[in-house]
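Chains as they are written, first to last, in our numbering: chain A, 21 to 309; chain B, 101 to 247; chain C, 71 to 407.
Note that these hints are calculated values from the structure, not bench results.
Residues from chain C shown here face chain A by an in silico Cβ test under 10 Å; the list is partial:
#: 1; residue: ASP96
#: 2; residue: CYS307
#: 3; residue: MET391
Just so we're clear, the structure is a prediction, and the values are computed from it rather than from any experiment. Glycine included, every Cβ here is placed at the ideal spot set by N, Cα and C.
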Amino acid sequence: MNSIKSRALELLSDGTVKRVIGWEKGEGEADWSPALFETAEEMNSFVYGDYAGSNLSKYCLKFNLAEGKTLVVLKPCDTLSFNQLLHEHRLNREKFYIIGAGCKGMKDENGRLLKCNACKGKDFEVYDEIIDDEESRKPLNVFDRMIGVAELEKMTAEERYEFWRGELSRCIRCNACRNVCPACTCVKCVFDNPASGVQSKAPVTDFEENMFHIIRAFHVAGRCTDCGECSRVCPQNIPLHLLNRKFIKDMNELYGDHQAGVGTEERTPLTSYTKEDAEPSVVHERGNA
Amino acid sequence: MSVTNPNWKPKIVAFCCNWCSYAGADLAGSGRMSYPADVKIIRVPCSCRVNPMFILRAFERGADGVIICGCHPGDCHYTSGNYYARRRLTMLFSMLDYLGIERGRTRVEWVSAAEGAKFSKTMNEFVETITNLGENRKLGDIRCKKS
Amino acid sequence: MRQFPESKVLDIIQSIPCPVYAPVEDGSMVVYGRYEDGMTLRLDKIATDKTPKDILFPQWENLMHFRMEGKTIELTEEKRMEEDYVIFGVRGCDIQAFKVLDKVFLSDPIDTYYAARREHGTIVALACTSMKDTCFCKNFSVDPSQPDADVVLWLIGDDYYCEAYTDKGRALMEKWDTREAEDGPVEWIKGEIDKKYESLPFAHLNLTGFDGEHLMEKFNSPKWKKLSMACLGCGSCTFACPTCQCYDIRDYDSGNGIQRYRCWDSCMYSDFTLMAHGTNRPTQLERYRQRFMHKLVYFPSNNDGMYSCVGCGRCIEKCPMNLNIVKVIKALGEDAK
Numbered sequence: 021m022n023s024i025k026s027r028a029l030e031l032l033s034d035g036t037v038k039r040v041i042g043w044e045k046g047e048g049e050a051d052w053s054p055a056l057f058e059t060a061e062e063m064n065s066f067v068y069g070d071y072a073g074s075n076l077s078k079y080c081l082k083f084n085l086a087e088g089k090t091l092v093v094l095k096p097c098d099t100l101s102f103n104q105l106l107h108e109h110r111l112n113r114e115k116f117y118i119i120g121a122g123c124k125g126m127k128d129e130n131g132r133l134l135k136c137n138a139c140k141g142k143d144f145e146v147y148d149e150i151i152d153d154e155e156s157r158k159p160l161n162v163f164d165r166m167i168g169v170a171e172l173e174k175m176t177a178e179e180r181y182e183f184w185r186g187e188l189s190r191c192i193r194c195n196a197c198r199n200v201c202p203a204c205t206c207v208k209c210v211f212d213n214p215a216s217g218v219q220s221k222a223p224v225t226d227f228e229e230n231m232f233h234i235i236r237a238f239h240v241a242g243r244c245t246d247c248g249e250c251s252r253v254c255p256q257n258i259p260l261h262l263l264n265r266k267f268i269k270d271m272n273e274l275y276g277d278h279q280a281g282v283g284t285e286e287r288t289p290l291t292s293y294t295k296e297d298a299e300p301s302v303v304h305e306r307g308n309a
Numbered sequence: 101m102s103v104t105n106p107n108w109k110p111k112i113v114a115f116c117c118n119w120c121s122y123a124g125a126d127l128a129g130s131g132r133m134s135y136p137a138d139v140k141i142i143r144v145p146c147s148c149r150v151n152p153m154f155i156l157r158a159f160e161r162g163a164d165g166v167i168i169c170g171c172h173p174g175d176c177h178y179t180s181g182n183y184y185a186r187r188r189l190t191m192l193f194s195m196l197d198y199l200g201i202e203r204g205r206t207r208v209e210w211v212s213a214a215e216g217a218k219f220s221k222t223m224n225e226f227v228e229t230i231t232n233l234g235e236n237r238k239l240g241d242i243r244c245k246k247s
Numbered sequence: 071m072r073q074f075p076e077s078k079v080l081d082i083i084q085s086i087p088c089p090v091y092a093p094v095e096d097g098s099m100v101v102y103g104r105y106e107d108g109m110t111l112r113l114d115k116i117a118t119d120k121t122p123k124d125i126l127f128p129q130w131e132n133l134m135h136f137r138m139e140g141k142t143i144e145l146t147e148e149k150r151m152e153e154d155y156v157i158f159g160v161r162g163c164d165i166q167a168f169k170v171l172d173k174v175f176l177s178d179p180i181d182t183y184y185a186a187r188r189e190h191g192t193i194v195a196l197a198c199t200s201m202k203d204t205c206f207c208k209n210f211s212v213d214p215s216q217p218d219a220d221v222v223l224w225l226i227g228d229d230y231y232c233e234a235y236t237d238k239g240r241a242l243m244e245k246w247d248t249r250e251a252e253d254g255p256v257e258w259i260k261g262e263i264d265k266k267y268e269s270l271p272f273a274h275l276n277l278t279g280f281d282g283e284h285l286m287e288k289f290n291s292p293k294w295k296k297l298s299m300a301c302l303g304c305g306s307c308t309f310a311c312p313t314c315q316c317y318d319i320r321d322y323d324s325g326n327g328i329q330r331y332r333c334w335d336s337c338m339y340s341d342f343t344l345m346a347h348g349t350n351r352p353t354q355l356e357r358y359r360q361r362f363m364h365k366l367v368y369f370p371s372n373n374d375g376m377y378s379c380v381g382c383g384r385c386i387e388k389c390p391m392n393l394n395i396v397k398v399i400k401a402l403g404e405d406a407k
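Work out the full structure: start from the sequences and follow the hints.
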């Protein structure tokens, strides 16, 4: 979409924005990286298209306190993450110029991204202007995103334990899932604090792997927009989204439907309550033990 | 899972809120109602002070069961702490269940300062459940096991 | 030169009387694992998902254990490796990586944990008769057709040709069921490998200027800002790298004694080489620069020009944001626009 490039260039040239966060293409067909553009000359290598899978919301945190406005290109699902960050006062809306970019479903060298198979729709939650076309407004063919979770729930506890041991034992604690997550915005993560007694870098026992992944998913529960970046970046192919979606599914079932990043008024399920909430024992009474 | 080590005795960690459940435990004591010595009480200001990490950490360090006790919903010393705790613990327990950890190992019970008998009964029940479940092998750090 | 049919390779591995580490399937990945019956062997895999570095320098290992009894401290040192083993099917790039690790761990003071593992291992290499677009090993004086190992295998048609180059290798190969073979096919395949390599996109990178002489020029380049922008600071590249060798030593109080262990560290992390005053690389730009300066400038200037990159291409495949060392070389090298 050349119109996004020319519009971004225009805003950069007339001084409305100081910098642009977008994508740059490397050597290979699928070799796209998020990139920073600060001059009109640098903008020559700006691209947007089928391989722009990464969620640029997280990069906005780097520029929240920078001088002047930052232009950021966000796809519909990325705007949910951006909006959630606004909601949490992590970003200052005034500092960003958002171009909502139409999306036909993104891919990588292996085809359609897993996260795009669970597309949450084509609405932009927050934007200054939208640049899209007829084609990108069409809904994608998607499957029910909770299927994977439901399948696991049907298994016995022993089978689930085996499944997760198999998956989580591959974890090398590189922290890519945490670092890419637009909901993980702690200035100092508990897993980076040597004084916390957490082993951080070493998957010395399977307990560490379990704890890291439980806490990571728990800490973003209610704020996770299900953007799917964690699973996309995992170098060990661990289906981390199945942990996040489990929380989403449970919260939707027990506390009513909630999509993180939609609106800015509603409180997240774990920062609110009702007097009639179910007792914790409810989770022990359903499904397979 | 059956008990393999004949010397094994369950280790239970009970997080008790300062205002209700801890006082409930006191009442059980002064009323001479017994509960097993396997229960180690950790006093917290409110049930919502219990970070999920505390619970996981207890399992890491060798606990076989963790129980969280707080004021009855509606009676929280801080008005709403236990309502938040209720949601959080529900989510955590659900996740542990999802990862295949035995269900009986975690429990929440609301115990008021006047319910010494309930405290004693709950602890007796919980220790029995854990004894039946046996040693916690799925969610602990093997280095912390005494050989 | 000896040869044996490709179909016999499992028999050969099973006949080796000590543990054999080889590329095996683990879920959707291929890693170096201890071969056991029933595993799927994947000698065809170029750039395995985890490197054979793990065998010589595991992600974590116990160093010692201490326990206080009254006023005495009981200290137990971890045993060094005492058992012989074989690493089977290692590619040229990973063998070059062992040499980089040797420079670090076997120069004074010698790391005895590493040294013991190195001594007990016999390496069976496999020449690269096929390659990936992400391969660029020859830039770093690796010969994919003739890896430097105890035994080298070449797969030609349906046969493995093999040759032992050291006493260890000869002792190992003696027990294999092989037959005499001619040198001709191997010479031919080496030529084919060279030809195939030439067709790769990163076959020849210009490394002039990556040395101690140009250190400050590279260090102060304004290009690092743009290069490092997308870096998440995850450690995927360092953990997938066959030469990254930074580690941390930590104590774990298990309640019945203290375990001192070492684990891989990553210069991408905010708490890497953390000191009392804080960190001396406060932003991702500095951390990112450190990794590549170490590989391409500091290491060669301290080690007679040996780069600590071996061109295996794993970081190209693993980086979630598609950043990699080739982009750095191209942006900062002599060819840069």
